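J.: Chains as they are written, first to last, in my numbering: chain U, 1 to 253; chain P, 1 to 210.
Just so you know, these hints were derived from the structure itself, not from any lab. Please read these numbers as outputs of a predicted model, since none were measured by experiment. Don't take every hint at face value.
Unchecked claim - So the derived label-pair ranges between C-beta atoms look like this: (1) Val59/P / Pro133/U: 50 to 58 Å; (2) Arg79/U / Phe148/P: 54 to 62 Å; (3) Thr58/P / Asp57/U: 52 to 60 Å; (4) Leu57/P / Glu60/U: 49 to 57 Å.
Virtual Cβ for every residue (Gly too), placed ideally from N, Cα, C.
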Amino acid sequence: MNLTLRIWRQSGPEDKGRMVTYQVDDVSPDMSFLEMLDVLNERLILAGEDPVAFDHDCREGICGMCGMMINGQAHGPQRGTTACQLHMRQFSDGDTIDIEPWRARAFPVIKDLVVNRGAFDTIIAAGGYITAPTGSAPEAHSVPVAKANADAAFEAAACIGCGACVAACPNGSGMLFTAAKVTQLSLLPQGQPERYTRVIGMVDAHDEAGFGGCTNAGECTVACPKGIPLNTIGRLNRDYLTATTKAAGKPGS
Amino acid sequence: MAVTGIILVLFLIAHMLGNLKSFAGQTAFDHYAHWLRDIGKPLLPGVWFLWILRGVLTVAVIGHIAAATALAMRARAARPVRYAHRAKVQGSYAARTMRWGGVIILLFVIYHLLDLTTGHLNPVGDPSKPYGNLVADFAPERWYVTLFYTLAILAIGFHLRHGAFSAFRSLGQQTPRGERRARVAALVFAVALCAGYLVVPFAVLTGLVS
Numbered sequence: 001m002n003l004t005l006r007i008w009r010q011s012g013p014e015d016k017g018r019m020v021t022y023q024v025d026d027v028s029p030d031m032s033f034l035e036m037l038d039v040l041n042e043r044l045i046l047a048g049e050d051p052v053a054f055d056h057d058c059r060e061g062i063c064g065m066c067g068m069m070i071n072g073q074a075h076g077p078q079r080g081t082t083a084c085q086l087h088m089r090q091f092s093d094g095d096t097i098d099i100e101p102w103r104a105r106a107f108p109v110i111k112d113l114v115v116n117r118g119a120f121d122t123i124i125a126a127g128g129y130i131t132a133p134t135g136s137a138p139e140a141h142s143v144p145v146a147k148a149n150a151d152a153a154f155e156a157a158a159c160i161g162c163g164a165c166v167a168a169c170p171n172g173s174g175m176l177f178t179a180a181k182v183t184q185l186s187l188l189p190q191g192q193p194e195r196y197t198r199v200i201g202m203v204d205a206h207d208e209a210g211f212g213g214c215t216n217a218g219e220c221t222v223a224c225p226k227g228i229p230l231n232t233i234g235r236l237n238r239d240y241l242t243a244t245t246k247a248a249g250k251p252g253s
Numbered sequence: 001m002a003v004t005g006i007i008l009v010l011f012l013i014a015h016m017l018g019n020l021k022s023f024a025g026q027t028a029f030d031h032y033a034h035w036l037r038d039i040g041k042p043l044l045p046g047v048w049f050l051w052i053l054r055g056v057l058t059v060a061v062i063g064h065i066a067a068a069t070a071l072a073m074r075a076r077a078a079r080p081v082r083y084a085h086r087a088k089v090q091g092s093y094a095a096r097t098m099r100w101g102g103v104i105i106l107l108f109v110i111y112h113l114l115d116l117t118t119g120h121l122n123p124v125g126d127p128s129k130p131y132g133n134l135v136a137d138f139a140p141e142r143w144y145v146t147l148f149y150t151l152a153i154l155a156i157g158f159h160l161r162h163g164a165f166s167a168f169r170s171l172g173q174q175t176p177r178g179e180r181r182a183r184v185a186a187l188v189f190a191v192a193l194c195a196g197y198l199v200v201p202f203a204v205l206t207g208l209v210s
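In isolation and in its complexed conformation, chain U is listed as follows (with noise of 0.2 Å):
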C-alpha cells in the first residue's frame, strides 16, 4: 500500500514545530504502525534526513512507551491496542494518515514525536507506592483478599502509563491514570496503610504538574489501550471524598 504522512517535525523544545509530509510507498499491511515509521526512517537516513523520532520499546504492547495520535486518535483507530501493536491493515492504500505527539503542557515535546512523560513520575512519587517491606512474594492465602476486590484492583493495575489518556482528554487531565494508581493500591489490604494520604497527594500533584481538570467525559477510556474502566475515576473520588472529610488528617485506614 502506498501512504501520504503528515508528521509533526519538532527539533527540540524550543522549536515551533510543524506538519511536514511524507510519502512512504510499498507498505505492507502486515507491518505494525511502527515498522512503517521504521521503513520510512531509514529511506530519511539514507537520503541524509533527519528521522523521525518517536518512542517506543517492547514493541509488544505492555510497556507503555509508544504512543501519538494517529489521525486524532490516540494509539490510532484500533480500541483497546497500542501504536505498536497496531497494524497497517487498519488503513487502506492510499491513506494520508496524520502523526502528533501528545498534547499536553504537562507533557512537553522533546522532538517530533517524543513528549516527557515524567510528570506521571511526579504523581507516583507523590503517593503511588506501598512502604510495607517487600521481598520474596509472601503465602499467597496468607492475606485473604476478596475476590471481586482482587479483579477490580488487577483491571487497574493494567495501566501501563502510556498517556493516552491524557491525549485523548478535551481537558488535557490525567486523571485515569492517577486513578487506575490509587485504584490498584486502595482495593489491596497492603494499600490501605497510606490509603488517605496517597490519594490527596496524588491529586495534588496531578494537579500541580499541569493537567487539566476531570469533566468525566469518558474520551480517556474509550482511548486506553488497556481498557482502564472510568469507574476507577469514582473510586478516587470517593477516596479522596473520605480523605477530606471523615478521615481527614488519618494516613489511611
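Got chain U sorted already, so can you dock chain P onto it with the hints?
T.: Relative to chain U, chain P alone:
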C-alpha cells in the same frame, strides 16, 4: 459543580411540576402562582420565601458558572498547542457540549425571566395573570417562541444527561454496575424532565390549554 448542580436540578423538578398545573385550568394555575409568593406566611412576611429561594438559586448559578469557568480555563491551559487533526467525539456527545450548552442555557434563562417573570418580552406581560401570559406566549402565531423554548429545553436535557451522571461520579459512585445504573437513571431523568417541560408549550400550541 455537583453540589450547585443538584440544587438547580431540584429547582428544575419543582418548576416542572408547577408548570404542569396549567393542565388544571386557569384558576388552579393562577392560584398556584400566587401561592408561590405566599409560601412561608405567616412565619415570613410577604414574598420573603420567594426572594430567599431566588437568592439561593442565584448563588447556585454563580457557583456553577464559576466552577465551570475554572475547569474550562484549566483545560485551556493544560493543552497550549492544539491538535491539527482532532477525531470526532469518542465518548459522550452530551459531555462534549457541556460548556457551550451551558452558555446557551444561561442565555435562555435570561430570556425566560424577561418573558415570564418580569413580562418585558411577553405579549401580555401582566404579572398578576400568569395563565394569560403563558397562553399568549405559546400561541400558534408565535411558533418561533415555542421553537426556541423547545431547543433550549433539549439543550437542558443534554446538559442534565451528562450532568446527572457526572454528579453521581463526582460524589463517589464507583462500581461498574452503579455506573450503568447512573447512566440509565440520568438518561431517563433527562428525557422525563424534557417531556414534562415541553408538554406545556405544545399543549398551548395545539389548543389543549387555552
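J.: Now look at each hint and say whether the structure bears it out.
T.: Results for each hint:
| no. | hint | verdict |
| --- | --- | --- |
| 1 | Val59/P / Pro133/U: 50 to 58 Å | holds (52 Å) |
| 2 | Arg79/U / Phe148/P: 54 to 62 Å | violated (40 Å) |
| 3 | Thr58/P / Asp57/U: 52 to 60 Å | holds (55 Å) |
| 4 | Leu57/P / Glu60/U: 49 to 57 Å | holds (56 Å) |
Consistency note: the structure conflicts with earlier hint 2 alone.
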